[in-house]
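Number of protein chains: 2
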Amino acid sequence: MTDSTAADLLTAWGVPGIGEVRPGDDLAAVLGDALAADAAARPATALADGDVVVVTSKIVSKAEGRVVRAADREAAITAETVRVVATREHAAGVTRIVENRLGLVMAAAGVDASNTEDGTVLLLPLDPDATARALRAALAARFGVLLGVLVTDTAGRPWRQGQTDIAIGAAGVRVLDDLRGTTDTHGRALQVSVAALADEIAAAAELVKGKATGRPVAVVRGMAHAVTAEDGPGARVLVRVGPDDMFAEGSAEAYARGWKDATGAHPGG
Amino acid sequence: MTDSTAADLLTAWGVPGIGEVRPGDDLAAVLGDALAADAAARPATALADGDVVVVTSKIVSKAEGRVVRAADREAAITAETVRVVATREHAAGVTRIVENRLGLVMAAAGVDASNTEDGTVLLLPLDPDATARALRAALAARFGVLLGVLVTDTAGRPWRQGQTDIAIGAAGVRVLDDLRGTTDTHGRALQVSVAALADEIAAAAELVKGKATGRPVAVVRGMAHAVTAEDGPGARVLVRVGPDDMFAEGSAEAYARGWKDATGAHPGG
Chain G
1 MTDSTAADLL TAWGVPGIGE VRPGDDLAAV LGDALAADAA ARPATALADG
51 DVVVVTSKIV SKAEGRVVRA ADREAAITAE TVRVVATREH AAGVTRIVEN
101 RLGLVMAAAG VDASNTEDGT VLLLPLDPDA TARALRAALA ARFGVLLGVL
151 VTDTAGRPWR QGQTDIAIGA AGVRVLDDLR GTTDTHGRAL QVSVAALADE
201 IAAAAELVKG KATGRPVAVV RGMAHAVTAE DGPGARVLVR VGPDDMFAEG
251 SAEAYARGWK DATGAHPGG
Chain D
270 MTDSTAADLL TAWGVPGIGE VRPGDDLAAV LGDALAADAA ARPATALADG
320 DVVVVTSKIV SKAEGRVVRA ADREAAITAE TVRVVATREH AAGVTRIVEN
370 RLGLVMAAAG VDASNTEDGT VLLLPLDPDA TARALRAALA ARFGVLLGVL
420 VTDTAGRPWR QGQTDIAIGA AGVRVLDDLR GTTDTHGRAL QVSVAALADE
470 IAAAAELVKG KATGRPVAVV RGMAHAVTAE DGPGARVLVR VGPDDMFAEG
520 SAEAYARGWK DATGAHPGG
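Same order as they appear, the protein sequences are chains G and D.
The working numbering puts the first residue of the first sequence at 1, with every later residue one more than the last.
The working numbering puts the first residue of the second sequence at 270, with every later residue one more than the last.
In short, the hints are calculated from the structure, not lab data.
Note that CB positions come from ideal geometry on N, CA and C, so glycine has one too.
Misleading hints may appear alongside valid ones.
Footprint (simulated), chain D over chain G, 3 or more residues, beta carbon under 8 Å [what the hints assert, rightly or not]:
(1) 156 to 169
(2) 198 to 209
(3) 243 to 254
Negatives, chain G to chain D, calculated, CB over 12 Å [what the hints assert, rightly or not]:
(4) Ala75
(5) Thr78
(6) Leu139
(7) Gly258
Kindly produce the complete structure, drawing on both the sequences and the hints.
What follows is the structure, given as structure tokens:
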């Protein structure tokens with residue numbers, strides 16, 4: 001029996017030497033130079049067929065100049081918002097969980113104030129799937145290898161403490177591994193078994209990148225079975241919104257809407 | 270600047286040779302034998318200080334005899350349920366998203382029919398944190414190393430397609446890495462930065478285990494900075510339910526409750 005998701009040996013490492021990325025920087029060149037320098041210093045890190053290069057969205061945003069003044073943060077979140085899912089007031093202000101342009105449901109629409117210059121915040125990249133495709137093409141051309149590329153961001157989850165990294169852009173990586181046609185060790189069809197491979201690779205990569213190290217890029221090796229000749233549909237297919245979404249609205253918001261629809265008024269109003 | 274989350278090099282591999290686990294099996298002995306045999310065949314796999322052994326919950330459940338007849342599946346789900354979060358009818362029946370005994374919010378309370386004998390389903394382990402502690406102690410005694418142990422299961426997520434593995438039991442692993450006291454490369458305090466390390470390790474391990482291979486155990490190496498002398502609080506601290514949970518109820522359920530509370534009746538009823 002074959003299992004398309006299982007690597008024999010997975011290795012992952014952060015790529016050193018990527019300095020501060022600035023608006024207009026050629027990210028493919030910056031990445032390529034860092035990868036080449038790493039390979040010169042540590043030959044085993046030279047990119048090989050089947051490697052997945054995992055790029056933190058922050059440096060994509062920086063290269064794209066997606067910086068706004070912190071004073072404009074709330075307006076920026078509003079501009080990035082397609083749909084408000086839930087809001088909650090607390091001492092420091094209001095947390096807004098929203099669906100953003102990319103279909104991602106995230107706090108503050110993914111707008112981030114870490115690792116940015118004082119007085120600024122960073123928006124998510126314009127089109128991380130397109131960026132992944134462009135980086136893939138450039139790195140493939142430069143190094144002559146068949147790669148996958150992921151663009152990742154950090155997100156919270158309902159019901160779980162802490163954040164994990166997820167894939168918001170992808171090229172050349174089978175992002176979902178649909179095992180529903182395969183059988184288990186008892187010969188029975190596997191039940192609910194669509195592995196979110198790209199998110200699991202993103203999480204593995206985060207373990208070697210870390211948030212504060214200035215290592216925004218990692219290489220994950222061992223997933224050649226998930227690297228495809230075609231760019232594929234991108235990370236957009238990881239998004240689940242619409243009729244399939246049982247949590248399209250926060251509990252308090254849905255409750256209030258039910259009340260309002262029943263009475264024409266807000267609860268208590 | 271130090272970053273407590275970043276490994277220099279992460280490696281992960283599946284442990285071969287673990288056969289079918291049966292009720293009453295001594296899981297520590299089964300695991301230990303498989304790890305010892307692997308080390309004899311491939312010396313580099315010999316457990317070392319700082320390794321994390323990642324165990325699929327399914328084999329814990331099997332050793333605990335947590336098997337019930339498939340005909341009793343719905344009753345088993347009900348018995349495992351602390352609180353119903355959302356339900357949805359579809360052609361094949363009703364999907365129930367519930368909070369289970371362990372505080373985990375999962376479809377079908379985590380009751381699983383894959384990789385079990387025909388006509389049976391498997392409940393989640395009784396106390397995966399306790400199991401992680403026991404396995405850790407036994408493996409540490411046998412191999413004389415300082416390890417972390419995770420017990421993992423596969424879960425869906427709101428707003429994302431596909432499933433990822435998460436930690437439902439932990440011993441000797443810093444499950445959450447709170448970076449809020451640390452600074453970024455601009456010297457600014459990191460914002461929303463509590464990394465769910467144990468979930469990211471679980472995801473990395475899943476990439477080498479796979480669902481259908483009969484490799485229910487993996488070793489993750491390179492996370493020694495997250496392995497602690499103490500067992501620690503376990504994976505239970507990864508659970509977020511209660512006042513902090515903005516998605517305690519499915520949107521449709523919350524809407525209906527709001528309607529009902531406003532009118533004393535169900536929508537349309």
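Checklist line | Violated hints - listed by number, lowest first | finding: 7
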